[in-house]
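> Sequence:
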Amino acid sequence: MPKPLTPITRTADAVRSEFAERGITIRDWARSEGFSDKLVYYVLTGKRIPRRGTSYRIALALGMRAPQPSASITTK
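Each residue of the sequence shown is one higher than the last, beginning at 38 in the numbering used here.
Mixed in with the good hints, there may be bad ones.
As the list claims (entries may be wrong) - Cβ pair distances, simulated, as ranges:
#1 Glu58 with Arg89: 26 to 32 angstroms
#2 Gly83 with Ala103: 15 to 21 angstroms
#3 Gly71 with Pro104: 14 to 20 angstroms
#4 Thr82 with Ile61: 16 to 22 angstroms
#5 Ser69 with Ala103: 20 to 26 angstroms
#6 Thr82 with Gln105: 21 to 27 angstroms
#7 Ser73 with Gln105: 18 to 24 angstroms
#8 Gln105 with Ile61: 26 to 32 angstroms
#9 Thr46 with Gly90: 17 to 23 angstroms
#10 Thr46 with Tyr79: 16 to 22 angstroms
#11 Thr91 with Asp50: 20 to 26 angstroms
#12 Gly60 with Gln105: 29 to 35 angstroms
#13 Pro104 with Thr82: 21 to 27 angstroms
I should point out that these hints are in silico values taken from the structure, not numbers from a laboratory. Please read these numbers as outputs of a predicted model, since none were measured by experiment. C-beta atoms are modelled at their ideal positions from N, C-alpha and C, and glycine is treated no differently.
Please model the entire structure based on the sequences and the hints provided.
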């Protein structure tokens, strides 16, 4: 099992460099994490802006986005 990526916000170039240093492909990482490799490529190239959904989860896993705190719902 590959070691987890560093959980800090970083650029797509930094992610690609880390993959190259580790000798893993984007496709292999995507499949091991249960993501579509095509969608991971879209996030890394900027064709998909990771605001919500799977794109956002990919960006979180890659360390490109910081987790957002959940909005608490108050009831009266």
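> With reference to the structure, classify each hint as holding or not holding.
Okay, the hints, checked on the actual structure:
| no. | hint | result |
| --- | --- | --- |
| 1 | Glu58 with Arg89: 26 to 32 angstroms | 30 angstroms, holds |
| 2 | Gly83 with Ala103: 15 to 21 angstroms | 18 angstroms, holds |
| 3 | Gly71 with Pro104: 14 to 20 angstroms | 18 angstroms, holds |
| 4 | Thr82 with Ile61: 16 to 22 angstroms | 18 angstroms, holds |
| 5 | Ser69 with Ala103: 20 to 26 angstroms | 23 angstroms, holds |
| 6 | Thr82 with Gln105: 21 to 27 angstroms | 23 angstroms, holds |
| 7 | Ser73 with Gln105: 18 to 24 angstroms | 22 angstroms, holds |
| 8 | Gln105 with Ile61: 26 to 32 angstroms | 27 angstroms, holds |
| 9 | Thr46 with Gly90: 17 to 23 angstroms | 19 angstroms, holds |
| 10 | Thr46 with Tyr79: 16 to 22 angstroms | 19 angstroms, holds |
| 11 | Thr91 with Asp50: 20 to 26 angstroms | 22 angstroms, holds |
| 12 | Gly60 with Gln105: 29 to 35 angstroms | 32 angstroms, holds |
| 13 | Pro104 with Thr82: 21 to 27 angstroms | 23 angstroms, holds |
The structure shown violates none of the earlier numbered hints.
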